[in-house]
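Participant: Let the hints inform the model, and build the full structure from the sequences given.
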Amino acid sequence: MTRRSSSAISSAPATAVESSNPATPEALVAQAAEGSREALIQIYDRFAPRLLGLVRRLLRDADESERVLEEVFVKLWREAHQVARARVSLAAWLTLVTRAQAVNRLRSRAGPVPLVPADVLGDMLQWLPDPGAIVRLDERRALLQKVLGQLPRPQIKSLELVMFEGCNEIELADNLGEPLARTKSELRAATRFLKHRRRAVVGSWTVTI
Amino acid sequence: MDCNHLEDLYELYVLGVLAAGERDDVRKHVGEKCPRCLDALREAAETVYWLAQTVAPVQPRPTVRAGLLRRLASNGTLAAGPRKARVISQRGATSTRSRA
Chain A
1 MTRRSSSAIS
11 SAPATAVESS
21 NPATPEALVA
31 QAAEGSREAL
41 IQIYDRFAPR
51 LLGLVRRLLR
61 DADESERVLE
71 EVFVKLWREA
81 HQVARARVSL
91 AAWLTLVTRA
101 QAVNRLRSRA
111 GPVPLVPADV
121 LGDMLQWLPD
131 PGAIVRLDER
141 RALLQKVLGQ
151 LPRPQIKSLE
161 LVMFEGCNEI
171 ELADNLGEPL
181 ARTKSELRAA
191 TRFLKHRRRA
201 VVGSWTVTI
Chain B
1001 MDCNHLEDLY
1011 ELYVLGVLAA
1021 GERDDVRKHV
1031 GEKCPRCLDA
1041 LREAAETVYW
1051 LAQTVAPVQP
1061 RPTVRAGLLR
1071 RLASNGTLAA
1081 GPRKARVISQ
1091 RGATSTRSRA
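As they're listed, the protein sequences go chains A and B.
Under this note's numbering, the first sequence has 193 at position 193, and the numbering climbs by one with no breaks.
So the number in this note's numbering is just where the residue sits in the second sequence, counting from 1, plus 1000.
It is possible that some hints are incorrect.
What the hints assert, rightly or not - For lysine to aspartate or glutamate, the following EDC-like pairs were computed, each having C-alpha atoms within a straight-line distance of at most 20 Å:
{"#": "1", "chain 1": "A", "residue 1": "Lys195", "chain 2": "B", "residue 2": "Asp1039"}
{"#": "2", "chain 1": "B", "residue 1": "Lys1033", "chain 2": "A", "residue 2": "Asp123"}
{"#": "3", "chain 1": "A", "residue 1": "Lys195", "chain 2": "A", "residue 2": "Glu171"}
{"#": "4", "chain 1": "B", "residue 1": "Lys1033", "chain 2": "B", "residue 2": "Glu1022"}
{"#": "5", "chain 1": "A", "residue 1": "Lys75", "chain 2": "A", "residue 2": "Asp63"}
{"#": "6", "chain 1": "A", "residue 1": "Lys195", "chain 2": "B", "residue 2": "Asp1008"}
Derived by calculation from the structure, the hints in this document are not laboratory data.
Facilitator: Here's what the structure looks like:
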């Protein structure tokens, strides 16, 4: 294995040259898998602000959020081989792992049971999207934002509670003061709507947004 | 349970909010490499990714980056580099590589 020096990355974020001709995240994770700390730090520079935004939304604690962020990148360093070999989107891997770790940290404040079990995360390399799918989504972020605005307010609320408050379906029903069956039905209607609209936005369906 | 009955569960599986029984139903199909379920989970992961992008970015303090670098360089296990272990490809095939 070729070990690369970390001296060039001791303090400065990505250089102007790198940003004008950036390597893909997947190329960087392949380099990280070969022991390049520089590549890992380039990934950090590129993704950390968006990931920290997600963690902060869940935990609402600056120090704890930054600790979770660091753990995500340590996990990536440890598992870079698996991620690189699976040829999945690194952005998707980072986002799902970050959310799962933040949710589990959030729930550990109340008890030891993780919301996102390790075996769910453990099989994710089999079903994470490929990099091209995520690039297409990123290119259409504005349209997707518009789609969210089309959801009924109660469904938006349900999605927010699940996505950003870490509620499971029972807690969601308690939070909304609704029967569990109705809550489950509304939540599933919301995710079904998003699925269909996302297909339209990325071009696999023809629908006017 | 067949795939038709799992149609509305994939996003919730990815979000980790399903109760144990429904979670096990999805996991069983994943374990069997059910292509329809794996495709549906890929789509579900895209939806969850997209929802996550609605949050505004927050710049970490420089100490986080510095701390990460220190940890990668000084911790014995981490400094040895990423683990070359059992690998699961996107298609579910497995292979094993030894540390170089």
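Participant: Taking the hints in turn, state whether each one holds.
Facilitator: Now the hints, each set against the structure:
1. Of the pairs offered as hints, the one joining A/Lys195 and B/Asp1039 holds, with about 13 Å between alpha carbons and a cut-off of 20 Å not exceeded.
2. Restraint check for B/Lys1033 and A/Asp123: satisfied, since their Cα atoms lie roughly 11 Å apart, inside the 20 Å limit.
3. Between A/Lys195 and A/Glu171 the CA atoms are separated by roughly 23 Å; this puts the pair beyond 20 Å, and the hint is violated.
4. With a C-alpha separation of about 17 Å, the suggested pair B/Lys1033 and B/Glu1022 falls inside the 20 Å cut-off, and the hint holds.
5. This hinted pair checks out: A/Lys75 and A/Asp63 have alpha carbons roughly 19 Å apart, not beyond 20 Å.
6. A distance of roughly 10 Å separates the Cα atoms of A/Lys195 and B/Asp1008; the hinted pair therefore holds under the 20 Å criterion.
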